[in-house]
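When you get a sec, could you build the whole thing from the sequences and use the hints?
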Amino acid sequence: MIRGNEYKQLDWQLILCYLILMLIGWVSIFSAVYDEEHGHILDITQRYGMQFIWIVTSVVIAFIVLFVIDPKIYSTLAWLIYGGSLLLLLAVIFLGIEVNGSNSWFEFGPVRFQPAEISKIATTMALASLMSGYNFRFKSIEGYAKIALIILIPMAIIVMQKETGSALIYGAFILMLYREGLSGWYISLGIMAILLFLITLSSSPFVAVIVLTSIMVIARGVLSRRAIVHLLGLAALLPLMILSPRMGDIPAISQKIDLPDVFWLSTIIVPLLLLHIISAIKSKFKLYQNIALSFVLAVILIFSVEFFFERILKDHQRARIENLLGINVDLKGAGYNVHQSKIAIGSGGFWGKGFLQGTQTKFNFVPEQSTDFIFCTVGEEWGFVGSSFLIFLYLFMIIRIYNLAEKQKDTFNRVYGYSLASIMFLHFFINIGMTIGIMPVIGIPLPFVSYGGSSLWSFTLFLFIFIRLDLDRRK
Amino acid sequence: MAFDLGKKNILILGVIVIALVFLVQLFYLQILDEEYKVTAENNAYRYDVRYPARGLIMDRNKKILAGNETAYDIMITPYEVKPFDTLDLCNIFDLDYLEVRGKLKEYRKNRRRIGFQSMPFVKQATSIQYTIFLEKAYKFPGFSAVSRTIRNYPYNSGANLLGYITEADTSFLRKNPEYRRGDYIGKTGIEQSYEEVLKGKKGHNIFLRDVHNQVKSSFADGKYDLEAVPGMSIISTIDAELQQYGELLMRNKIGSLVAIEPSTGEILTLVSSPGIDVTKLATINKYYSELVNDPLKPLFNRAVMSPYPPGSVFKLVNALVGLEEGVLDSDTRYSCSGGYHVGRGVACHPHPSPTDLTRSIMMSCNTYYCHVFRNIIDNPKYSSVTEGFIRWKEMVESFGFGKKLGTDFPAEQGGTLPSTGTYDKIHGKDKWKSLSIISLAIGQGEIGTTPLHLANFAATVANRGYYIVPHVVRGSPDTLINTEYREKNYTKVSTANFEKIIEGMFLAVNSPPGSGATASRVAVKGLDICGKTGTAQNPHGKDHSVFICFAPRDNPKIAIVAYIENAGFGATWAAPIASLLTEMYLTRKIERKDMEAFILQGDLIGNTTVR
Numbered sequence: 001m002i003r004g005n006e007y008k009q010l011d012w013q014l015i016l017c018y019l020i021l022m023l024i025g026w027v028s029i030f031s032a033v034y035d036e037e038h039g040h041i042l043d044i045t046q047r048y049g050m051q052f053i054w055i056v057t058s059v060v061i062a063f064i065v066l067f068v069i070d071p072k073i074y075s076t077l078a079w080l081i082y083g084g085s086l087l088l089l090l091a092v093i094f095l096g097i098e099v100n101g102s103n104s105w106f107e108f109g110p111v112r113f114q115p116a117e118i119s120k121i122a123t124t125m126a127l128a129s130l131m132s133g134y135n136f137r138f139k140s141i142e143g144y145a146k147i148a149l150i151i152l153i154p155m156a157i158i159v160m161q162k163e164t165g166s167a168l169i170y171g172a173f174i175l176m177l178y179r180e181g182l183s184g185w186y187i188s189l190g191i192m193a194i195l196l197f198l199i200t201l202s203s204s205p206f207v208a209v210i211v212l213t214s215i216m217v218i219a220r221g222v223l224s225r226r227a228i229v230h231l232l233g234l235a236a237l238l239p240l241m242i243l244s245p246r247m248g249d250i251p252a253i254s255q256k257i258d259l260p261d262v263f264w265l266s267t268i269i270v271p272l273l274l275l276h277i278i279s280a281i282k283s284k285f286k287l288y289q290n291i292a293l294s295f296v297l298a299v300i301l302i303f304s305v306e307f308f309f310e311r312i313l314k315d316h317q318r319a320r321i322e323n324l325l326g327i328n329v330d331l332k333g334a335g336y337n338v339h340q341s342k343i344a345i346g347s348g349g350f351w352g353k354g355f356l357q358g359t360q361t362k363f364n365f366v367p368e369q370s371t372d373f374i375f376c377t378v379g380e381e382w383g384f385v386g387s388s389f390l391i392f393l394y395l396f397m398i399i400r401i402y403n404l405a406e407k408q409k410d411t412f413n414r415v416y417g418y419s420l421a422s423i424m425f426l427h428f429f430i431n432i433g434m435t436i437g438i439m440p441v442i443g444i445p446l447p448f449v450s451y452g453g454s455s456l457w458s459f460t461l462f463l464f465i466f467i468r469l470d471l472d473r474r475k
Numbered sequence: 001m002a003f004d005l006g007k008k009n010i011l012i013l014g015v016i017v018i019a020l021v022f023l024v025q026l027f028y029l030q031i032l033d034e035e036y037k038v039t040a041e042n043n044a045y046r047y048d049v050r051y052p053a054r055g056l057i058m059d060r061n062k063k064i065l066a067g068n069e070t071a072y073d074i075m076i077t078p079y080e081v082k083p084f085d086t087l088d089l090c091n092i093f094d095l096d097y098l099e100v101r102g103k104l105k106e107y108r109k110n111r112r113r114i115g116f117q118s119m120p121f122v123k124q125a126t127s128i129q130y131t132i133f134l135e136k137a138y139k140f141p142g143f144s145a146v147s148r149t150i151r152n153y154p155y156n157s158g159a160n161l162l163g164y165i166t167e168a169d170t171s172f173l174r175k176n177p178e179y180r181r182g183d184y185i186g187k188t189g190i191e192q193s194y195e196e197v198l199k200g201k202k203g204h205n206i207f208l209r210d211v212h213n214q215v216k217s218s219f220a221d222g223k224y225d226l227e228a229v230p231g232m233s234i235i236s237t238i239d240a241e242l243q244q245y246g247e248l249l250m251r252n253k254i255g256s257l258v259a260i261e262p263s264t265g266e267i268l269t270l271v272s273s274p275g276i277d278v279t280k281l282a283t284i285n286k287y288y289s290e291l292v293n294d295p296l297k298p299l300f301n302r303a304v305m306s307p308y309p310p311g312s313v314f315k316l317v318n319a320l321v322g323l324e325e326g327v328l329d330s331d332t333r334y335s336c337s338g339g340y341h342v343g344r345g346v347a348c349h350p351h352p353s354p355t356d357l358t359r360s361i362m363m364s365c366n367t368y369y370c371h372v373f374r375n376i377i378d379n380p381k382y383s384s385v386t387e388g389f390i391r392w393k394e395m396v397e398s399f400g401f402g403k404k405l406g407t408d409f410p411a412e413q414g415g416t417l418p419s420t421g422t423y424d425k426i427h428g429k430d431k432w433k434s435l436s437i438i439s440l441a442i443g444q445g446e447i448g449t450t451p452l453h454l455a456n457f458a459a460t461v462a463n464r465g466y467y468i469v470p471h472v473v474r475g476s477p478d479t480l481i482n483t484e485y486r487e488k489n490y491t492k493v494s495t496a497n498f499e500k501i502i503e504g505m506f507l508a509v510n511s512p513p514g515s516g517a518t519a520s521r522v523a524v525k526g527l528d529i530c531g532k533t534g535t536a537q538n539p540h541g542k543d544h545s546v547f548i549c550f551a552p553r554d555n556p557k558i559a560i561v562a563y564i565e566n567a568g569f570g571a572t573w574a575a576p577i578a579s580l581l582t583e584m585y586l587t588r589k590i591e592r593k594d595m596e597a598f599i600l601q602g603d604l605i606g607n608t609t610v611r
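Top to bottom, those sequences are chains W and L.
The opening residue of the first sequence carries number 1 in the numbering used here; numbering runs sequentially from there.
The opening residue of the second sequence carries number 1 in the numbering used here; numbering runs sequentially from there.
Keep in mind that the hints were calculated from the coordinates and are not lab data.
Treat the hints with caution; some may be incorrect.
Unchecked claim - In the SDA-like style, the derived pairs of lysine to any residue whose C-alpha atoms are separated by at most 20 Å in a straight line are:
| hint | chain 1 | residue 1 | chain 2 | residue 2 |
| --- | --- | --- | --- | --- |
| 1 | W | Lys353 | L | Asp33 |
| 2 | L | Lys7 | W | Ile174 |
| 3 | L | Lys7 | W | Leu182 |
| 4 | W | Lys353 | L | Glu35 |
| 5 | L | Lys7 | W | Ile191 |
| 6 | L | Lys8 | W | Leu182 |
| 7 | L | Lys8 | W | Ile399 |
| 8 | L | Lys7 | W | Leu223 |
| 9 | W | Lys475 | W | Trp12 |
| 10 | L | Lys7 | W | Gly171 |
| 11 | L | Lys7 | W | Leu189 |
| 12 | L | Lys8 | W | Gly171 |
| 13 | W | Lys353 | L | Ile206 |
| 14 | W | Lys407 | L | Lys7 |
| 15 | L | Lys63 | L | Tyr155 |
| 16 | W | Lys282 | W | Pro271 |
| 17 | L | Lys8 | W | Asn403 |
| 18 | W | Lys353 | L | Asp169 |
| 19 | L | Lys7 | W | Glu180 |
| 20 | L | Lys8 | W | Tyr178 |
| 21 | L | Lys7 | W | Trp12 |
| 22 | L | Lys202 | W | Leu189 |
| 23 | W | Lys353 | L | Lys8 |
| 24 | L | Lys8 | W | Phe138 |
| 25 | L | Lys7 | W | Gly190 |
| 26 | L | Lys7 | W | Trp185 |
| 27 | L | Lys7 | W | Tyr186 |
| 28 | L | Lys8 | W | Tyr186 |
| 29 | L | Lys8 | W | Arg473 |
This is the structure we're talking about:
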């Protein structure tokens with residue numbers, strides 16, 4: 001409970017950003033679904049009218065979180081909340097309604113609610129509670145296992161609801177874990193895996209292996225402090241690798257064997273790899289072993305890409321990725337959304353077309369324009385200036401939350417803060433990334449801006465709990 | 001880690017990098033890449049073009065030479081086409097079924113590139129076809145009609161002069177990006193020179209459409225719709241009736257007839273024969289290949305494009321130069337015994353001898369001008385033949401010969417004048433003398449003048465020493481377009497010297513028969529025609545028949561050249577034609593019915609060996 005003048009110490013910068021983002025969202029939704037018959041921005045038969053209600057109720061929620069609820073209950077009740085959220089997640093599969101092919105929504109009269117949104121907060125609290133525990137040891141099998149379980153259970157249920165996009169968001173926790181002690185190798189490995197996956201798909205395993213080898217040689221060079229030697233070696237190696245399939249052209253050889261390019265490549269790489277492994281074992285330098293291990297894992301990944309892509313991904317997911325990579329662009333099908341979205345944003349120009357002047361979003365060229373593709377409206381009507389402003393706003397908020405989180409004395413608060421910033425960041429990254437065509441289409445909302453009550457409510461809750469926790473540090 | 005930033009800062013760095021990637025991509029999409037903006041316009045708006053009425057072309061008395069009438073273009077918006085009864089559509093517009101099928105297939109193949117654009121499907125449908133189409137329009141989704149104005153020509157004359165309008169072709173569109181496919185442009189003649197004035201401004205109605213491709217509403221209640229601005233009308237300098245009469249006279253003859261009002265430089269009549277038939281002009285595309293392949297080249301405007309030897313007409317120029325250079329006077333006499341017998345020599349026709357200046361013009365003595373020309377070139381004032389020639393050329397050029405006059409008529413050619421280089425090449429440097437180039441004395445040899453040059457020369461003599469650049473357009477109803485056509489261009493010959501040759505020109509026409517005058521048969525009492533005949537040798541057959549004249553002698557109202565290819569003596573065909581035109585212009589009627597009948601019956605096309 002806040003008493004006296006303590007409210008002055010709240011982080012008003014974050015609160016201001018929050019209010020501005022909600023306002024941008026409201027105005028954009030108004031623009032996106034505007035039509036002359038329902039001209040009033042408070043007309044609740046329309047989405048902008050409803051969004052106004054969500055905004056007002058969100059402010060009420062924020063107020064309650066700040067001034068009414070004792071922040072101590074979050075760590076106390078964390079497990080209860082987590083358990084409750086799991087129950088809701090399960091219940092929705094059986095009791096919820098189906099929207100766009102996924103069973104993730106509860107419907108109460110006019111109000112729809114997605115438990116997956118709340119589950120992010122609950123999972124954060126559970127993790128924070130676990131990791132702030134007195135006798136918790138992160139770097140133990142037990143510690144890893146507990147963390148993995150807490151994250152994977154809700155993820156699995158959400159995948160069962162066919163909400164793959166929302167499930168992906170749980171990947172953001174890896175950023176928090178990195179701060180709490182997870183080795184940077186895992187993140188690097190993750191980023192590299194995605195990179196290699198994309199390269200393999202868009203060109204070939206041959207190219208991917210060359211890129212991978214180059215990365216590894218550079219990494220080793222940086223670590224060994226003999227960078228120049230390694231770079232020179234790489235310069236010599238690259239043409240060799242690229243030209244290796246030409247060996248098949250040598251008449252004496254080509255008559256006997258006919259192999260794919262990658263096998264020719266391996267004749268160059270395998271000896272190098274063995275050399276590296278021997279020196280790694282000799283020097284007992286752990287990072288060298290990591291390099292070798294990463295390399296092997298990555299090669300396995302490269303050769304399983306096709307299997308994963310063709311067998312595990314669903315048709316629409318595959319189409320979205322193919323579209324992003326320009327492999328198989330279908331502007332009427334999978335590529336339609338992104339193409340229209342890019343047209344809308346691109347047509348905004350530098351200053352934008354002005355409020356309500358957007359033609360692309362207003363006339364339904366862009367699907368989901370008030371929810372997942374709300375950024376189009378901003379891009380079209382407010383141009384490069386407006387889009388940049390929005391991006392800076394997020395950038396500012398995320399950085400600020402990371403900085404505040406770092407300052408927390410209490411582990412629970414710190415873990416909570418890092419999780420919040422990371423989840424916001426991933427939403428921001430995926431959502432805006434897909435509207436401007438650098439990420440595949442993954443249907444998740446833009447925090448505070450996209451239309452929708454449950455998203456706005458839960459992000460409000462998520463953010464203001466942190467603001468309230470942060471206040472305790474300042475007192 | 002080897003370089004320790006602190007894990008928090010590494011995370012923040014990652015966030016910043018992503019934000020920067022976003023900004024770069026936004027910069028690319030929103031500022032660098034134009035494609036998305038264009039696509040957006042195609043996406044959401046539907047522009048229905050409103051075509052402006054083209055400006056009228058009127059004659060000097062505001063009679064309409066080129067007017068407008070309505071035709072209909074049937075437009076197709078491939079995106080909106082749904083399966084329809086192809087045969088029915090073919091019947092309405094008299095189209096070939098297979099051709100239509102092929103066209104539709106083509107559109108389907110390119111539909112993404114075409115987007116929501118409309119393009120012409122049937123051009124210039126008649127109003128009857130249009131009415132039938134309207135009744136059945138509901139059966140043909142994706143087709144619509146746009147009204148266009150096409151030309152009509154109340155006067156049956158002036159086709160080559162007016163030029164025609166046609167759909168802009170690809171090479172034109174590439175050079176003039178402000179035009180769109182399907183726009184009409186002026187080609188040749190006044191239509192081309194005054195395209196900017198005549199074309200007007202296109203307008204458009206804007207409609208918004210939604211993703212289902214339905215027109216949702218008139219955009220912003222038509223606030224941004226643009227009315228078409230009709231093109232400005234043009235008043236030409238042409239006299240419609242005189243033009244029509246000139247074409248009548250030139251029928252079945254190959255050549256040109258040009259009349260200029262000397263005091264203003266305004267072109268009254270400009271006939272190139274054979275020309276385009278006006279009835280084919282409005283729908284010229286149908287006849288285009290026929291016209292192009294016609295061996296008589298009706299599309300070729302001889303009056304401004306064809307360089308001819310001027311023949312004896314050019315003697316006047318040499319006389320003027322001689323007078324100005326002081327090597328000739330009114331009293332200078334030379335005798336003629338059937339030719340000039342120096343070197344290869346130049347023959348002359350029988351006539352009383354010796355002659356003074358006036359009578360040399362009247363009787364067109366070749367020998368006289370050989371003397372004059374040699375005196376000009378070999379003038380002891382100048383150190384060499386070359387210098388004398390350069391001086392001569394300077395004087396000749398001041399009449400506008402050998403260069404484009406700068407008329408507003410397109411495709412004007414400059415003709416040719418020889419230079420010292422020309423002769424150095426033929427004879428070797430400094431190896432030539434006045435005798436080597438003696439043909440120039442009588443307007444033959446290495447000289448080419450267009451009929452327009454000669455008409456301009458006639459006007460210059462009429463003005464006693466200056467010309468105003470001949471032009472075909474006076475202005476629009478409210479403004480003068482051509483203020484630049486006011487300036488007097490003086491020749492290097494003084495006014496007094498002009499009077500001396502005009503006497504000869506007057507006598508050439510107005511001497512009694514039997515006096516040896518070359519054109520006495522075309523004299524008209526009271527009109528005081530002053531003229532000079534020419535009979536130009538050429539390698540294409542019979543001599544060209546040439547006549548220049550102006551009338552009346554004092555305050556001339558009209559200056560004319562008639563240049564008839566392969567028609568023989570100047571006095572036989574060119575002089576009567578020019579004099580009839582003069583008579584028509586000055587008196588508005590023809591008294592000399594027998595001469596008129598003779599000319600109208602003359603068919604000289606067979607004289608020309610088609611080349």
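These are the hints, each one checked on the structure:
no.: 1; hint: W/Lys353 - L/Asp33; verdict: 16 Å, holds
no.: 2; hint: L/Lys7 - W/Ile174; verdict: 13 Å, holds
no.: 3; hint: L/Lys7 - W/Leu182; verdict: 10 Å, holds
no.: 4; hint: W/Lys353 - L/Glu35; verdict: 17 Å, holds
no.: 5; hint: L/Lys7 - W/Ile191; verdict: 16 Å, holds
no.: 6; hint: L/Lys8 - W/Leu182; verdict: 13 Å, holds
no.: 7; hint: L/Lys8 - W/Ile399; verdict: 9 Å, holds
no.: 8; hint: L/Lys7 - W/Leu223; verdict: 19 Å, holds
no.: 9; hint: W/Lys475 - W/Trp12; verdict: 15 Å, holds
no.: 10; hint: L/Lys7 - W/Gly171; verdict: 18 Å, holds
no.: 11; hint: L/Lys7 - W/Leu189; verdict: 16 Å, holds
no.: 12; hint: L/Lys8 - W/Gly171; verdict: 18 Å, holds
no.: 13; hint: W/Lys353 - L/Ile206; verdict: 17 Å, holds
no.: 14; hint: W/Lys407 - L/Lys7; verdict: 13 Å, holds
no.: 15; hint: L/Lys63 - L/Tyr155; verdict: 9 Å, holds
no.: 16; hint: W/Lys282 - W/Pro271; verdict: 17 Å, holds
no.: 17; hint: L/Lys8 - W/Asn403; verdict: 8 Å, holds
no.: 18; hint: W/Lys353 - L/Asp169; verdict: 35 Å, violated
no.: 19; hint: L/Lys7 - W/Glu180; verdict: 9 Å, holds
no.: 20; hint: L/Lys8 - W/Tyr178; verdict: 9 Å, holds
no.: 21; hint: L/Lys7 - W/Trp12; verdict: 26 Å, violated
no.: 22; hint: L/Lys202 - W/Leu189; verdict: 61 Å, violated
no.: 23; hint: W/Lys353 - L/Lys8; verdict: 39 Å, violated
no.: 24; hint: L/Lys8 - W/Phe138; verdict: 18 Å, holds
no.: 25; hint: L/Lys7 - W/Gly190; verdict: 17 Å, holds
no.: 26; hint: L/Lys7 - W/Trp185; verdict: 13 Å, holds
no.: 27; hint: L/Lys7 - W/Tyr186; verdict: 14 Å, holds
no.: 28; hint: L/Lys8 - W/Tyr186; verdict: 16 Å, holds
no.: 29; hint: L/Lys8 - W/Arg473; verdict: 19 Å, holds
Hints 18, 21, 22 and 23, counting from the list given before, are not met by this structure.
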